[in-house]
Structure formats: C-alpha cells, structure tokens
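Visitor: Work the whole structure out from these sequences, hints included.
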Amino acid sequence: MQLELRGITKRFGALTANDHIDLVVAPGEIHCLLGENGAGKSTLMNVLYGLYQADDGEILLDGIVQHFEGPGDAMRSGIGMVHQHFMLIPVFTVAENVMLGHEQTSFGGRLDLDAARKRVREISDRFGFSVDPDAIVGDLPVGVQQRVEIIKALSRDAKVLVFDEPTAVLTPQETDELMTIMRQLRDEGTSIVFITHKLREVREVADRITVIRLGKVVGEAAPTASNSELAALMVGRAVELVVQKDVARPGAPALVVENLDVIDANGLKVVNDVSFAVHEGEILAIAGVQGNGQTELTEAIMGLQPRVNGRVSLGGQALTGLSVRRVLDAGVGFVPEDRTEDGLVAEMTIAENLMLDRSHGAPFVARGSLRRDHLDDFAEDKKKEFDIRAQSVSTPAGRLSGGNQQKVVLAREMSRDLKLLIAAQPTRGIDVGSIEFVHKRMVETRDAGIPVIVVSTELDEVVALADRIAVMYRGSIVGIVPGDTPRDVLGLMMAGERPAEVAA
Amino acid sequence: MSAQTATPPATNDPSSTQQPRANAILKEIVNGNVLITVLAVFLALLIGGVLIAFSNEDVQAAAGYFFSRPQDTFVAIWNAVSGAYVALFQGSIYNFRRDDFVTAIRPLTDTLTYAAPLIVAGLGVGLAFRVGMFNIGGRGQMLIAAAAAGWVGFSFHLPWGVHLVVAVIAGIAGGALWAGIVGLLKARTGAHEVILTIMLNYVAFYLVSYMLRAPGLLQAPDQVNPKSPPMLETAIFPPLLGPAYKLHAGFILVILATIFVWWLLNRSSLGFRFRAVGENPNAARVAGMDVKNIYVYAMLVSGGLLGLAGVMQVLGTVPTGFSSGIDAGIGFDAITVALLGRSKPWGIFAAGVLFGAFKAGGYAMQASQGVPVDVVTIVQSLIVLFIAAPPLVRAIFFLPDGSRRRRRTTPIVTKEVEAK
Amino acid sequence: MSTSTAVTPDATPVSATLESTEIRSWKATIALGVFVVVALLLFVVLGRDGATTFRLSSESDVVQLADWVLPARSTGITVTVLLALLTAVVAVLTVAGSRLSARLRRVALAVSIVAFTFLFLLAFLAWAAAGESIPVTGLLLGTVSLSAPLIFGALGGVISERVGVVNVAIEGQLLAGAFCAALVASITGNPFAGLIAAMVAGVLVSFVLAAFSIKYLVDQVIVGVVLNVLVLGLTSFLYSTVLSQDTQNLNTAPRFPRFPIPVLSDIPIVGPVLFRQTLIVYLMYIAVIAVYIGLFHTKWGLRLRAVGEHPQAADTVGIRVNPTRFWNVSLAGAVAGLGGAYFTLDSVSSFGKDMTAGAGFIALAAVIFGRWNPIRATFAALLFGFATNLQNVLGAIGSPVPSEFMLMLPYVVTVLAVAGLVGYARGPAASGKPYIKS
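Protein chains in written order, with the UniProt record's numbering: chain A, 1 to 504; chain B, 1 to 420; chain C, 1 to 438.
Some clues are possibly wrong.
Simulated restraints, written as ranges between beta carbons of each label pair [unchecked claim]:
1) C:P268 to A:D125: 53 to 63 angstroms
2) A:Q290 to C:R105: 47 to 57 angstroms
3) B:I396 to A:H85: 36 to 46 angstroms
4) C:A211 to A:H85: 49 to 59 angstroms
5) C:A88 to B:G190: 25 to 35 angstroms
6) B:G190 to C:I436: 24 to 34 angstroms
Here are the simulated lysine-lysine pairs, BS3-like style, with alpha carbons at most 27 angstroms apart [as the list claims (entries may be wrong)]:
7) C:K27 to A:K118
8) A:K440 to A:K419
9) C:K27 to B:K292
Please keep in mind that the hints were generated in silico from the structure rather than gathered at the bench. Every residue gets a Cβ at the ideal spot worked out from N, C-alpha and C, and that includes glycine.
Guide: Rendered as structure tokens:
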C-alpha cells in the first residue's frame, strides 16, 4: 500500500509542530524519518494515526484521500503503529492486549480468548518471536513488549507500519534483531515508516531517508549519505560531536561505592553487588540501556531508595543510611533523570525552584521566613550566568522549554558547595544549544576538581564526556573501561558480554 | 501521566508582552477569575430563583390559569423570587425595614458570626488542598475539638482570660490530633486520606455521641438528652460589639488565623515545603524534603484550623451546651468555601463571608417567606460547580474562550509519591 | 512467576533474570496482634459468665435445627488462645515465608485471617450475649437487608472507578434514587415504575459527574463531594415543598413484597436468609454476578478496564475513551440508583430527609476494601451490614457494649483495613485522571 502525506500542517497554539510536510512511502520500502528530538516527527505520525487532526493537508492511501477521525479509522485503513511509549496495558495478558479493540466473542458475548491466543501464536511463530499469549505484559522485558506491539499491529492486517523511536529501549543486539524483523516485513510487502534520531540505524536499514527539522522537511538523502551529512541536515549546521576538554587530572578517590545492592518493591535486586570509585577531577560515565539499574544506582547514592545494602562514602564520610537532605548537605549535587517529574515543581517560579533543595536554612531562610529579596537577587544572577531564557525569575518553571528547565536544575545544583555531581540523562530531550551548554558546564565542574558521574543511555554522549566508562547490565557493572574504548566493545558490554581484553 | 506526553513544549507567546496595558487588564477581567466568580454566583442564584418560584403556592395557583391570564403567573413569580431574595439580603446584610442603624445593621454582624467558623474551617481545608491532600474530615475534627474545648469550657474553673485561652488551645489540639492520625496513617502506610477522613468522621461522631450520653463524661448532670452543660462564663468569647450583637471576639481570631495561613503559605519555609510537596511530591522528595513528615505537619495544621472552627461553635455561636450536631455541616461547607476561595487565604475569607451571609439570610428567608433553607445549600453547591468549570460559564454567557491554555482553578493534586 | 517454560530466554519475565529477595511486611501480624489484645481484655479480663444460645432456626422453618449453646467465659478463653496461635502462625509465615511458594503462602495467610475473623466474631457474640440467645437467621437476614443498598452502591463505584472516574457521588446517587423511587412509585402506585425512576435519578447524577469530570476536567473528588451536597439540598428542598404537602399521594410508596423462592427458601439457615427476600435483593444477586462476569469476561469489560488503566492505549486501538467513560459512569449511576430504591421500596415506604445517612460513603469504603473487585466489594459491604445489624440485635437483647461503639465498628475496621491489611491498595491506574487529547 502506498502512503502519501500532502502538505500536513499541525499547530499547537503559537507553535507549528508540522509545517506543510510532504512524504511518500512506497509499498515494500523502509522509509526513515530522521530528525532531532522535538523536530515534529512524532506529531506527524500521530496525525497519520488519527490521534491528532491536521489543521491542513491530506493523507492518501493508494491515491485515495483518507479522513481519519480517530485511530480506529486509521487502523481499519491498514495503518499500524509501534509507539515509542508502548500502548499496552500492563495488567492485561498479551492475548488481551492484542485483541483489545477488535475483540471476537463467543457464545453469550464472552470474550473468545482462545481465538486471540491462536492469533498471537500464529504471528509470533511467523517471525520467530515466541511470545507467551498468557503472560502478563507488565512482567515482560521491554524488548518483548515491543514485539507484542508489533503483533498487535500485524493482527489487524497493517499494510503500513510506523515505528516511532523503537530502539530507544533496546540493547544493540535487540536493535539488530528489530532491523531484521523490519527487513522481513518489508520483503513481505509492508510499507514501513521508521522514525529515529540515530544516524547509524538509519544508514543500516533505510531505503529512503527524509529529514525533518523544526517541523519542516529539509531534505531527502540516500542511505549512502555519510553521518556528518545527515547530521548537518538534521540540526542545520555542522555539529560538534566532540566535547572540547583537556585530559583529566584525577586526584584522590572521592566517592567510593562498595558492594551496593538495591532491592525494589517486588523484592528484586535491581542493583546487584556494584562497586566502583570516582576520583576528584574525573567524569565517570555510567552507560547502559535504559532500565538496567542506572536509575536505582543513582537514587541509592542520593538516599532515595529504601532497601539498600552495601556501603557508599564520599571523602571518607558514609552516605549510606542518610536521608536525602543529609546527602545533599554532604555536598552532592543531583540532576535527576526526569526533570519535570523529579527535578522541578512546574507551578513554582524559577526563583523558587532555585531554592528547592535549600528550604531549611541559610541563605534563603531566616527564622522560619523566606528571604524573598535575597532569593530574587540570587535568581537574577543565576538567570544571567546560566543563560536561562525566560521573561523574569518569577515565571513558572513549567512554562520554560526543556533546555531552559534543565539549566534551572543545573544552576540550582551547581550553586551549592559541591563535593560530587551526579547528572542522570542530563541532555535528554533538550535542544542542541542547551546540550553544548550542559556539556561545557560538566567539563568545567570536572576541571574544578569535583568528581562527576554522568548517567546516559546515549553512547555518543558517553563517549564525548567520559574519562572512564562503567557499563551496567541487569543491575551489575559489566566492566569499567577507559573513555576511549571503541563503540563496538561498549555495545557488547551493554548486552552483558565482557570482551576478553576488558579487565574488570 | 501518559496523556501529557503528547503536549507540545510550551513557548513564550511574544504577542502577550506587546499588548497595550489597558487591553491586557480588560482581558484579565473578562477571562479572569473575578468575572467567572460573579457570573457563577449569579447563575446559581438564578437557578435557586427557579426553584423558589416552582415551589411557591401562589405561582402554582397562577400557573393553573396561565393561558387566560399569563401576567398573573409572572407577577407571582416575581413576588416569590424577589420576596425570597430580599429576605435573604435583609437577613444577611442590612435590614432597611428597621428604623435605626444599630438594629438594621445587625444582620451583617450575624453574617460575620456565621462566617467565623466557615472561614477557619475553609482555611484548614484549603491548606490541605495546597499540600495536595483532601481533608474531608472536617466534621470529625470539629466534633473532637468541640468536645475538648467544651469539656474544658464547662468543667474547668479558671480565671477570666486564662480559661478561654486554655479552652481554645484544647480545641485546636483536639482537631489537630484527630487530623494528625490521618496524616500519620497516610505517611506510614500510604492509605488514602479521603477514605481515612470520611471514616474518622463517623468514628468521631459516634465517639462524641457516646460521651454525650455518658453522665461522667460530657453529659449535663440534669439532662436526659445527649447534650453537654452550658459553657462557663469565663470560657465564652466575649461579644465584640457589645451585648446587642451576636458577633463575638472569636472573629478576631479568624482574622489572625487568615493572616497566619497567608504568612505560612507565602512567606514561611514550612509553607514553601507545603507547596512544593503539594505541587510535585516527587521533586520535593528528591530535593531532600521529608514528604511523609510534611503530610503529617500539614494535617496537624489543617486539623488545628478545623478544630478552631469547632471552638467557634461551642464557645461562640452556641455556648449554651452542645450536642453531636454541633458541627452544623461546617466541615463539608468548608470544602466549598475553600474551593470558592481557590485555596488562597484571603479568597477563603471572602468566600466564608459570602457563605456566612447565605446562612444568616437563609434562616431569615425561611422564617419570613417559608422558603426552605435547603435552597441555600443548593445555591452554594451550584456556585462551586460553576466556578470549577469556567468553560461552562463562558459557554452559557457566550463569552470568548479567552485563555487557550487551560487555567488550573484549584491546585489539587492528590499525587502519590512513588513507592520506592 | 509464570510457569510456562516454552519461551526463549528473551521472553522470560524480567523477574526471572534478576535475583529476588524477600520483603517482609509485619502489618498483618501487628493488626492481628491488636485484636488478640482486645480479645484478651474483653473475653478474659472482662469475661462474662453464662451460656449463650445460638438459635439456628425460627419456628416457621421447614427444617428445624437444634440450638447451639456455648458457655461464654470458657469460649472466650479458648478463642483467645486460638487467636494468639493464629497470630503466631501469621508471624511464622512472615518470617519463614520464603521457604514456601508464593501461592501456598497467600492461601495460608488468607485462611488464617478468615479463621481469625470467624473465631473472633464467635467469641464476641458469645461474650456480648452471655445469658441470652442470638437469633442467627435474624442476624444474617438483617445483614443482607442492610447490605443491599451498600452492595448496589459499591457495584456502581466499582464500574465507575474501573473505567477511570472516581465516584464519591454514590451517596448522592443513592439519595436521588430513594427520592425518585418514593415519588414515582407513590404517584403511579407501581413499585416497578419507582424502580425505573430510581435508575433514571442515578443516571442523572452520573451525567453531572461525568460531564464535569470528563468534559470540564474538574477534579473528580470535588465534583463528587459537591454533588452529594447538591442532591441533599435538592431532595430536602423538594421534600419540604412538595412531598410533605401531600404525603398521602406523593410520599407513600407501595413496597415490594417478600417473595420466597420455592425449595431454595427451605434450606436451613441459607434459605431464609438469602431466598426469602424481595425482588430488589434478587436483582442484587443478579447484578453482582453480571458485573463480575461483565467486567472480566466480556468485550464490554475488557474495554472498560482498558480505558481505566491506560486510556491512551485504548485510544490507539480505536476505543473512544471519553464516550466509554461517560456511558459507563451513567450505567454506574443506574446501578447505584437501584440501591437508592431499596430505601423507599423495601425497607420503609416513604422518603425522609438525608435518609441514606452516609450509606454511600460506606459503599465507597467497600469498593476500596474490596479492591475494585465486584465480588470482594460485595463481601466488604456484607461485613459492614453485619456490623450494623449486630448492633441492632445486641441492642435488642441488651449488650454490655455501648451501641455507639458497635456502630463505629465498620468505620474502624475500614481504617484498619485501608492502613494495615489491604496495604497499598492499587486501584485502576488512570482512575481520577481526565483524558486530554492534543
């Protein structure tokens, strides 16, 4: 089935997320939609899928104009979607998730679960997925959940399949398997739209490439285009993939983590016997695919995890068992992974967010009262120093763009007297300018002799920043390697293998 | 909040800064809360009027021959509705049928008397809202507070002044304690405060009912009814404007409480933490705040304020001894007061005065026009419903859909902290 | 975890690949311990002499069972010892639970707690009615009667919350149902018309709840609370201005007669309790089963639960989220409205101001106590009905416990349950959250 988008325009208030986008996807081809975070790729696909109504433009399937009132219409027309955030109901079984929305019923209106199970097995066998139809989806690893999404789309006879950032949650090996599946689907005649911002994947699998920037199509490229060509198209200027930094001059070990275990609410050891040290004046990157215990590890250091065994000390002072406030007081700066959820109070002003973790005493509180004037002066200073773009310091933090929000968090954490900085996914979902700014500040912090831990799932970021790299897999550290370790070695380690030449 | 992932990043609308100032002010009035509030009150009174007209016997009689003399029906409707609302006004603000100002203004002082417990109770509920909690337990907290303050009030023998202070403190402590149980259980076990407060309302009701009919505890010695003895003279709030008016010195406490809550929320470090936890408990926790303790503190303060409302009842409004109905539904009215005041201290003060006026006027209306006082309950709940849904009010009055960004009317986020 | 082995390493649940440790929770043990102390105080320290007679049949029963006589004091002592033992068992299960399989431990725990509850109740009855006799069928019959409106209300709550709308307005739905049932049945002289009117009234309350929470995105708890006040005001106003003007014609509803089901009603104990009831109670049995099967075994239920758990996922497979919510909240109102009809077409035949007196809130507690499951919520409602009726029965024979404390019991039990035994009750994930598209 040939898919064609003509002049699709979608606005959100003053923001134009899609600006007259044209796109043609031929049957049996993998068409890559490449663009930065926030370029408007997902919006476009949500328009295609009937989740959003376009303000202008039309969608054609095999030359016929379509009018999608909702996803139901899109699905009936043969469009399937594998969502970035899986659209699966965690408490349902695989079969229930697959049948949802086009249920078959048997006598007396009862759900025909057997038919659904059969359908799951059929599709699952065809692609060698081996997914148990009766497993509860929430118990399955993300890689398998993604296959459930694919089965869900295929069980509705999708002729056009959209993959929205499908590799974000996968190990390199799982990514390879996904590529194989995509090729297999293509060869069976399915049209595939593959949305991503990762250049390597595009070059590996795409038949055609369309690049989107700031809601507009900025060009097409052949799969043979080089990384730097694609990157230039994507961000509109030559990108500096390398962070300017001098060689590290590590000092004494500052943060020492020994035999750390973290047990989650279900009794699972999500961090298992982790030991490492971070020295003064170095950046240790913790790499790994999302969900391999990195989040829990940083939270355990911060005192945010309730069930922790092992020892953590900073400059000889034990951190284990301390409350979050005591850990912060000990000089630990923390940039949480999810800034809107954990880093900021969206309804509070920029100034108030800047004092969020210092509400107990000096310099912003005296005798139980806030020192508003003092806080405003401080906030004005930080707004300038960190180039926070906002009307005033009394603008609610929730109104800022992602990059400016992250600068608020960084400004808050870096204006305390730090002995350690932990930054989790510091550049996730922010614009290129802010990324450069954040990276620069990380390196400056390191150069000031402060140990820095950067947790990142982006290999590019890890390689650009790290002096040493610790790779995590299923709650354990696979190995700690120098910052210049080749990517393929890191990739293997992210899948849990320890190459022979890598010492522990 | 998966539904939010789809929202586009917020951008600063450049047009908003370049508008002429007067234009911006006008826009604020049209789209803003003031107009919506006024229209909501008007709309609610209108519906109340329909009910009054519908139930009026003259109107029913005139409607019987509507097609021969329709004007009779309209006259009857006008008489019924205007009569009721004039009575409401005369009963709550200024009775222009009296000769001298001193008696004519008495309804206004009655209004303030009724408003006193409503305001403090509203402050308590509103404060809990700001910390992201729903305190529906006003009834229980008021009852326990009333029992504590009342017990001190009728059984202790202390000098003038000291007695009142001790009784007030006992009441506040009682309310704080009863709410504190909720805070503690929520913090320690993760139980939801809505259920806990509702359940504890009943526990408090039966507990106080029992004590009121147990002679050694709260029951008046010579009584068979479940009722306490009257308060001693030394424990009663003295009249504020002389013996001609019911308004008592407790109203000064109300003003002080409003100032205190304003300071607490906007100027204190504890209030800063209250707001942070209320808006985003996860970020508060990551910033080193002890979210669980904040819940306990907030419930203690909230319960203390509701306790003060109970104190107003036993030592101010009805000092002649109390029964288990002493809360007079104020614990629930407080929720609507807090919503109407948008959880802001002075907003709650104004809302409390309005509802106090309804209450004072409602009784006058019932007495003089025979309109059941329940119509006031209806009008109050309608006001809150309309205020909570500005788009509805706009649609009814054909107002432009001003702000595209949905204004959050009440900062109520009963978000749970992730169980980590 | 899953016992299926025919899966590749890829497809094994995460939990199988991570080491697992036992997390011990002492909540259950502590809660039971509290009850043991209560038992020790009441049954042993304050123990009473005399024998308690449990009357298992009434004169009208076809099959007559002999009375069951227990000496109060020795029963109390025996039971207290047994309760202590059971608590010890639960403690041991908590400490050494990891050696048993999860399922075995759950079953053992559940059996212990059920046995504990039964024994405690038995000893309590024996203690409270020492020297008197307890009509067991009467006690249970009253339980079913008092529970019926709670069960309807709880079913309404379950449906509404499962689809993602918190329903605090059950009280309002019950009250509106009671009012309309009384009015319409009185006017028409037909209880069936009253029943339908009650459902319509419940639906109308639901419409407001749904419109404000779904269309205008008002916080659902607020709408619920305010709706309760509004319905109370409206019904009281109309009661004063309309019903009480002409009680004879407007507020004297015909009641449903008791209709014993042949054969079934002759079964000892169970028969008189369950099968000598009115039509509304039989409707209730049907409703409980229908809601259970509907929720978990039909297309309707699957979609409803999907909308309540993950509305966006439901949207992406073509389920229209907000209409689904709207109509199911309305359905919930109809079910709760039936519960309202019970007040005026079954227990008494006229409406009174605020006659539901907080039953809606108990129903809400039953929803949570029953963890959003219709069957469990029904049992929770029965438990509350039992406690209330126990107070009536003991009040009649002159119990040593002040009636207020008996009336307080359901609420205290709910607090304990919500805080202790139930623990982190997990409701439908998206309940209370409005669904906003683009």
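Visitor: Look at each hint and say if it fits the structure.
Guide: Do the hints match the structure? See the list:
About 56 angstroms separates the C-beta atoms of P268 (chain C) and D125 (chain A), a value consistent with the hinted range of 53 to 63 angstroms. Between Q290 (chain A) and R105 (chain C) the beta carbons are some 33 angstroms apart, a value that contradicts the proposed interval 47 to 57 angstroms. Between I396 (chain B) and H85 (chain A) the Cβ separation comes to about 38 angstroms, which falls inside the hinted range of 36 to 46 angstroms. About 29 angstroms separates the C-beta atoms of A211 (chain C) and H85 (chain A), a value inconsistent with the hinted range of 49 to 59 angstroms.
Between A88 (chain C) and G190 (chain B) the Cβ separation comes to about 27 angstroms, which falls inside the hinted range of 25 to 35 angstroms. Range check, G190 (chain B) to I436 (chain C): about 27 angstroms between beta-carbon atoms, so the 24 to 34 angstroms window is met. At roughly 43 angstroms between alpha-carbon atoms, K27 (chain C) and K118 (chain A) are farther apart than 27 angstroms, so this suggested pair is violated. A hinted pair counts as satisfied when its Cα atoms are at most 27 angstroms apart, and K440 (chain A) with K419 (chain A) qualifies at roughly 18 angstroms.
Under the criterion of a C-alpha separation no larger than 27 angstroms, the hint pairing K27 (chain C) with K292 (chain B) is consistent with the structure, at around 18 angstroms.
In this structure, the earlier hints numbered 2, 4, 7 are contradicted, and the remaining ones agree with it.
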